[in-house]
Amino acid sequence: MADAISVSGLVKSFGSVRALDGLDLNVADGEVHGFLGPNGAGKSTTIRVLLGLLRADAGDVRLLDGDPWSDAVTLHRRLAYVPGDVNLWPNLTGGEAIDLLGRLRGGLVERRRAELLERFQLDPTKKARTYSKGNRQKVALVAALSSDVELLILDEPTSGLDPLMEEVFRECIEEERREGRTVLLSSHILAEVEALCDRVTIIRAGRTVESGSLSGLRHLTRTSIAVETVEPAGDLATLAGIHDLRVTDHRATFDVDTTHLDEAVRHLTRFGIRSLTSQPPTLEELFLRHYGDEIEHEAAA
Amino acid sequence: MIRFALRRERVRVPIYLLVMFALLASTAAQSESLYATQAQRDEYAATVTGNPGLIALVGPAYRLTTVGGDTAWQWGGIGAIVAALMSMFIVARHTRGEEQSGRSELLRANVLGRRASAAAALAVVTAVNVLLAAVVALSLIALGQPAAGSIALGASLGGAGLLFAGVAIVAMQVAQSTGGASAIVGAVLGGSYLLRAAGDVGDGTLSWLSPIGWAQSMRPFADERWWPLLLLVGGGAALSAAALALLDRRDDGAGLIAPRPGPARASAALTHPLGLAARLLRGALIGWATGLFLAGVSVGLTGQDVERLLGDSAEVDKLYNQAGGSLVDNYLAVSLSSMALIGTAFAVQAMLRMRSEETAGRAEPLLATALARPAWAAGHLAAAAGGAVLILGALGLGAGIADAVASDDAGRVPLLVGSALALAPAAWVLTGVAIALVGLAPRATAAAWGALGACFLVLYLGPLLSLPDWVMDLSPFTHVPLLPAAAFDAVPLLALTAIAAALAAAGLAGLRRRDIPVT
Numbered sequence: 008m009a010d011a012i013s014v015s016g017l018v019k020s021f022g023s024v025r026a027l028d029g030l031d032l033n034v035a036d037g038e039v040h041g042f043l044g045p046n047g048a049g050k051s052t053t054i055r056v057l058l059g060l061l062r063a064d065a066g067d068v069r070l071l072d073g074d075p076w077s078d079a080v081t082l083h084r085r086l087a088y089v090p091g092d093v094n095l096w097p098n099l100t101g102g103e104a105i106d107l108l109g110r111l112r113g114g115l116v117e118r119r120r121a122e123l124l125e126r127f128q129l130d131p132t133k134k135a136r137t138y139s140k141g142n143r144q145k146v147a148l149v150a151a152l153s154s155d156v157e158l159l160i161l162d163e164p165t166s167g168l169d170p171l172m173e174e175v176f177r178e179c180i181e182e183e184r185r186e187g188r189t190v191l192l193s194s195h196i197l198a199e200v201e202a203l204c205d206r207v208t209i210i211r212a213g214r215t216v217e218s219g220s221l222s223g224l225r226h227l228t229r230t231s232i233a234v235e236t237v238e239p240a241g242d243l244a245t246l247a248g249i250h251d252l253r254v255t256d257h258r259a260t261f262d263v264d265t266t267h268l269d270e271a272v273r274h275l276t277r278f279g280i281r282s283l284t285s286q287p288p289t290l291e292e293l294f295l296r297h298y299g300d301e302i303e304h305e306a307a308a
Numbered sequence: 183m184i185r186f187a188l189r190r191e192r193v194r195v196p197i198y199l200l201v202m203f204a205l206l207a208s209t210a211a212q213s214e215s216l217y218a219t220q221a222q223r224d225e226y227a228a229t230v231t232g233n234p235g236l237i238a239l240v241g242p243a244y245r246l247t248t249v250g251g252d253t254a255w256q257w258g259g260i261g262a263i264v265a266a267l268m269s270m271f272i273v274a275r276h277t278r279g280e281e282q283s284g285r286s287e288l289l290r291a292n293v294l295g296r297r298a299s300a301a302a303a304l305a306v307v308t309a310v311n312v313l314l315a316a317v318v319a320l321s322l323i324a325l326g327q328p329a330a331g332s333i334a335l336g337a338s339l340g341g342a343g344l345l346f347a348g349v350a351i352v353a354m355q356v357a358q359s360t361g362g363a364s365a366i367v368g369a370v371l372g373g374s375y376l377l378r379a380a381g382d383v384g385d386g387t388l389s390w391l392s393p394i395g396w397a398q399s400m401r402p403f404a405d406e407r408w409w410p411l412l413l414l415v416g417g418g419a420a421l422s423a424a425a426l427a428l429l430d431r432r433d434d435g436a437g438l439i440a441p442r443p444g445p446a447r448a449s450a451a452l453t454h455p456l457g458l459a460a461r462l463l464r465g466a467l468i469g470w471a472t473g474l475f476l477a478g479v480s481v482g483l484t485g486q487d488v489e490r491l492l493g494d495s496a497e498v499d500k501l502y503n504q505a506g507g508s509l510v511d512n513y514l515a516v517s518l519s520s521m522a523l524i525g526t527a528f529a530v531q532a533m534l535r536m537r538s539e540e541t542a543g544r545a546e547p548l549l550a551t552a553l554a555r556p557a558w559a560a561g562h563l564a565a566a567a568g569g570a571v572l573i574l575g576a577l578g579l580g581a582g583i584a585d586a587v588a589s590d591d592a593g594r595v596p597l598l599v600g601s602a603l604a605l606a607p608a609a610w611v612l613t614g615v616a617i618a619l620v621g622l623a624p625r626a627t628a629a630a631w632g633a634l635g636a637c638f639l640v641l642y643l644g645p646l647l648s649l650p651d652w653v654m655d656l657s658p659f660t661h662v663p664l665l666p667a668a669a670f671d672a673v674p675l676l677a678l679t680a681i682a683a684a685l686a687a688a689g690l691a692g693l694r695r696r697d698i699p700v701t
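Chains as they are written, first to last, in this note's numbering: chain A, 8 to 308; chain B, 183 to 701.
Note that these hints are calculated values from the structure, not bench results. Treat the hints with care, since some could be wrong.
As the list claims (entries may be wrong) - Below, a sample of chain A positions facing chain B; criterion: calculated Cβ distance under 8 Å: (1) 83; (2) 90; (3) 131; (4) 134; (5) 175.
Said to hold, decoys possible - Some, not all, of what chain A presents toward chain B, calculated at C-beta under 7 Å: (6) 58; (7) 88; (8) 94; (9) 100; (10) 106; (11) 110; (12) 116; (13) 118; (14) 132.
Unchecked claim - Quick list of the computed label-pair ranges, beta carbon to beta carbon: (15) A/64 to B/313: 40 to 50 Å; (16) B/472 to A/28: 54 to 64 Å; (17) A/202 to B/700: 33 to 43 Å.
The beta-carbon is built from N, C-alpha and C at its ideal position, and this holds for glycine as well.
Isolated chain A (complex conformation) (with noise of 0.2 Å):
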């Protein structure tokens, strides 16, 4: 099975800047594969060199079989793209937006069309001046679900939904999974990723970082527990997947592998628990322990 995406050694500099420094990237066909990475770790850079809006100054991209800078015009038609930003014309409807980005990719379906400004609750006679960013947002989503594209890039598409569209979009994607398409998304979101995501390339500094399926980087999810117990809690030290662990008298803080914390709070619960609160790790606090763990791995080495 080609790869829908293949991207090694992808360097791209502006000016003196070096946002990309040898990216690798491979999408297969018909998965759907996150990309994450901090702020300014060259995400939306790679998506448009991806686009042939920017050129590579070094490196090997392979687009659907194609060369994105050259064959920019042919392999446009089989893809659609969400920008991170959407930026529309003032004066137009975003009924009309919808269509002039779908006709100049070559054709909108008509019924998915319709469909999907009804599920994303988006009215189409307003001008596109009068919109949220959230609606904003819908209008290229809606532009880019509603063609018939092999391929879909998409820029952090659910940052400004509300979680009702949150979960309209999560179920819109299941639908492309399912017909077969190959997804690239770009996201913040763990959660999110985590739902829709069969295979995620974390990049740093333009750098690939990790690459795999999900369940092989599992161990990069943690959760952070602060409980207070009626009776002091002990042997936390003792269980697995424990980092961090602070016991003062009534309460502790740690954090704990998601794949462990049912062990946890059923260890807890013995104590009697009066408060718990649990908080996902944020992507920033998840890489820095990340990269925490491999030099302290590499200081004991």
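Using the hints provided, position chain B relative to the given structure of chain A.
Below, chain B alone, put in the same frame as chain A:
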């Protein structure tokens, strides 16, 4: 905030002032040299006052027998319109323009009060209008005109600017976008102009309903009256106060009038790059076509009278007899060139629209579809170049109709339309410069305005300063045969078109190779 606003205007304001200075100075100097003897001046004055069409178009003529009176007559009304437009643009940039870009949200969430940016805009526009009045007054005094008259003319223009600044800032509160607000100001301006025109031809009462009429009633160089200045400044202040009050009742980013819904589907024309570009230019195109049509009418109306108006002197010969043919035709040819040059601003603006689409982030989603870069650019190019042809056609049509009516010769219409259209290749060259910059040096696109400004200076100051031939040759407008006076010569037109095409090709090539967007 004021300092911030001033910094943003530091390039445009000097250009506006320089243009006003150039126009006024060249008119005064020309007036001086054209009518060397008092008898010639008297004849000129009589001709003008006997021509109601001219009075309606330009304004009431007071003391045309003096250079000052002549200058005030020619520029009192039009200058007020220019000052009004300048004030409108400045106010727009710093009020609605900010809101539309979302920047004001950022600022307001900060320590500033609701009224702060509006107040800053007012402060800036007031300062600019005062500067304008000073520049006009001082330049005329420097040319030897009486001080009282010069100051009165300057004050009348600055005052008109202030009044329309007030109108603009009220409009910005009422409308839901800068475009809508500009339309309101444009309508008020147009209405003021028409009221004044009707009043001046009649018994003058209607003129008192028009701010332009107030400005002209200050009568620079003809026993000046100062109290209309109070009307102008007071009116501006009252409108501004009203606007600030309205501001309190309005949300950031919205207007007081709710927006209308639009079509839910795009028309087939819109989904084509040319259709999209044309749609984006629609408002500007209508405005410019209308303006140039009216300008053409004014040129045509004066054409047949020009022998009496300008008299017969060596100066007239120098300025208007450059190409053989009749004086009327020469006058028409020179006037059409000037108007066409002004109309070229539309073409440059339209071409640079491409670049502003890119920096606004609207080019990316388009280019991520199957739309090729050259096709996208070609759409904008065709809209700009085609639009230029349309507005030049409107210019020629206006001039042709007016001239045909004045001379009872219907054949003047196609003649003048053709003469105006012949200027299109010159406009295309400047359009080519703009697209070449967008493709090859996108951060320097402002240089296109510099090129236009240079052509402008060559045309208006060239004869005055007796610029050397090679400087004059730099402007494409110098090379267009002076129709309808001169014989038609296709060679320079083809050459200009070829140059424009080469510049466009260079721009497209650059666009193909560079990153999008370049910030």
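A quick look at each hint next to the structure:
no.	hint	in the structure
1	83	5 Å, holds
2	90	6 Å, holds
3	131	4 Å, holds
4	134	6 Å, holds
5	175	20 Å, violated
6	58	5 Å, holds
7	88	4 Å, holds
8	94	4 Å, holds
9	100	4 Å, holds
10	106	3 Å, holds
11	110	4 Å, holds
12	116	15 Å, violated
13	118	15 Å, violated
14	132	4 Å, holds
15	A/64 to B/313: 40 to 50 Å	48 Å, holds
16	B/472 to A/28: 54 to 64 Å	55 Å, holds
17	A/202 to B/700: 33 to 43 Å	37 Å, holds
Hints 5, 12, 13, counting from the list given before, are not met by this structure.
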